[in-house]
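Here is what each chain is made of, one letter per residue.
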Amino acid sequence: MTVNIERELAELKAKVESAPGAENKLTMVVFSGDLDRQLAAMIIATGAAAMGMEVVLFFTFWGTAALRDPGKRVNGKNLMSKMFGFMLPKGTNALKLSQMNMAGMGTAIMKGLMKKKNVASLEQLFAVAGELAVKIYICEMSMDLMGFEKEEMIEYPNLEVCGVATMLAHAKESSLQFFI
Amino acid sequence: MTVNIERELAELKAKVESAPGAENKLTMVVFSGDLDRQLAAMIIATGAAAMGMEVVLFFTFWGTAALRDPGKRVNGKNLMSKMFGFMLPKGTNALKLSQMNMAGMGTAIMKGLMKKKNVASLEQLFAVAGELAVKIYICEMSMDLMGFEKEEMIEYPNLEVCGVATMLAHAKESSLQFFI
Amino acid sequence: MTVNIERELAELKAKVESAPGAENKLTMVVFSGDLDRQLAAMIIATGAAAMGMEVVLFFTFWGTAALRDPGKRVNGKNLMSKMFGFMLPKGTNALKLSQMNMAGMGTAIMKGLMKKKNVASLEQLFAVAGELAVKIYICEMSMDLMGFEKEEMIEYPNLEVCGVATMLAHAKESSLQFFI
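Residue numbers (this note's numbering), protein chains in the order written: chain A, 2 to 181; chain B, 2 to 181; chain C, 2 to 181.
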């Protein structure tokens with residue numbers, strides 16, 4: 002009898018430990034390339050990491066463009082890729098607000114306010130995230146579609162390119178997930 | 002004593018099994034009717050289903066318009082419903098990008114790139130989702146508000162209309178949830 | 002041996018009860034200030050509360066502007082804050098659709114349809130939420146950035162201002178989370 006109970010207890014323990022969503026972990030899909038939404042994502046990410054959560058970000062679609070380093074250049078792109086690369090905002094500093102951009106004035110005002118109020122800029126938030134070991138993945142399919150290369154991307158510790166399956170594997174075991 | 006332990010173990014087992022978020026399941030609210038966000042939703046949905054997760058989608062608001070079949074027509078609508086029906090994009094093929102649509106050029110370029118890179122189109126993703134038994138619900142209130150009828154909707158296995166309570170019941174037991 | 006089992010059982014029970022995501026609770030980040038997205042948030046919130054879930058909302062960025070009471074006024078603001086206060090929609094009744102606003106016509110049509118179909122207005126949904134004890138927090142940083150004061154906000158039971166850490170603490174223990 003006791004043996005049975007021990008076995009059942011061990012089985013239950015294993016189940017609890019491997020349960021979906023059991024890990025103190027946050028997975029976010031950063032789809033948006035808008036300044037305001039990326040700020041929200043990075044404030045949540047760094048906040049969670051500071052609280053001791055494991056944090057995984059998956060940049061996809063418009064979100065990927067923001068991860069490009071404006072100082073890096075890749076040659077030999079085809080016309081389509083060149084066009085996309087040219088038209089999309091390049092780097093965190095070029096992002097615009099999703100609303101009230103007003104030809105750049107709203108975005109400039111918001112950045113001015115952030116500076117005045119000592120709110121970290123998006124660049125600073127990425128730096129903090131790197132220090133707090135926030136993991137950043139870039140969506141392979143988005144890179145491929147828009148013709149981006151890994152060499153164009155910002156310097157970030159252990160930046161990796163992956164597919165949707167990797168994101169889902171992380172999200173499944175996370176206690177917290179957002180699509181931004 | 003042993004009896005007590007057995008009872009407690011059974012109770013705990015029941016608790017673990019019925020815990021919120023305990024199922025290997027993804028519930029997504031597809032609010033957006035933008036091509037890019039619907040693509041993201043369907044790529045995540047089919048990816049999760051391919052990984053063996055149960056997947057439930059709840060199309061609401063602008064998302065519902067995309068589920069209309071452009072080949073189907075419903076008569077006897079009132080003026081408001083006709084207006085909404087006329088102004089909203091009808092069917093997956095008519096959706097536009099949320100950004101860089103540029104009077105349709107950006108959307109056309111993106112579709113061209115997807116074809117070239119062998120990325121499945123939104124139509125194909127819906128077909129795959131159907132084969133992988135991804136469950137699709139349409140929000141009753143949105144249908145009612147915009148004057149859509151179930152007869153106008155695309156052919157999809159077991160397409161059902163439901164309210165927010167059904168979505169929440171699914172979401173609660175899911176280990177993974179997104180609002181897109 | 003039995004003592005061991007009892008201890009292990011107690012430990013496992015404690016673990017299950019304090020597991021992340023174990024509470025029958027919904028936490029939503031309401032980032033958007035669009036009428037359609039705020040409606041979706043409040044319909045989900047009141048629906049979940051009616052089903053017996055604990056519900057916590059965290060209004061941030063554009064979402065905060067909607068919580069201002071158009072009848073309240075705060076003096077002594079600086080120029081930037083005045084500008085932001087002036088340009089952002091003030092109060093639930095001033096919000097616009099994210100799409101098809103068409104200089105206000107689309108929003109007016111939608112509101113007319115909602116009235117005709119007996120769908121609760123955003124104002125009514127906030128009242129219902131208050132009665133169902135839905136907890137509303139406003140993001141401190143957003144208030145500070147946009148120069149809003151707590152005195153300008155709508156009358157709502159136990160309305161509180163807090164930081165991202167409070168939101169994350171709620172979200173972590175919630176079985177259900179959305180970013181809207």
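Hints are computed from structural coordinates only; laboratory data are not their basis. Some clues are possibly wrong.
Unchecked claim - Chain C side only, calculated, beta carbon under 8 Å to chain B, not exhaustive:
| hint | residue |
| --- | --- |
| 1 | 7 |
| 2 | 37 |
| 3 | 41 |
| 4 | 85 |
| 5 | 87 |
| 6 | 100 |
| 7 | 104 |
| 8 | 120 |
| 9 | 123 |
Source: prediction; values computed, not measured. The beta carbon of each residue, even a glycine, is placed where N, CA and C say it ideally should be.
Structure-based check of each hint:
1. 7: holds (6 Å)
2. 37: holds (6 Å)
3. 41: Check passed: Cβ of residue 41 of chain C comes within 6 Å of chain B, closer than 8 Å.
4. 85: This interface hint is violated because 24 Å lies over the 8 Å limit.
5. 87: Violated. Min distance 27 Å.
6. 100: holds (6 Å)
7. 104: violated (14 Å)
8. 120: Given a least distance of 6 Å, the restraint on residue 120 of chain C holds.
9. 123: violated (14 Å)
Hints 4, 5, 7 and 9, counting from the list given before, are not met by this structure.
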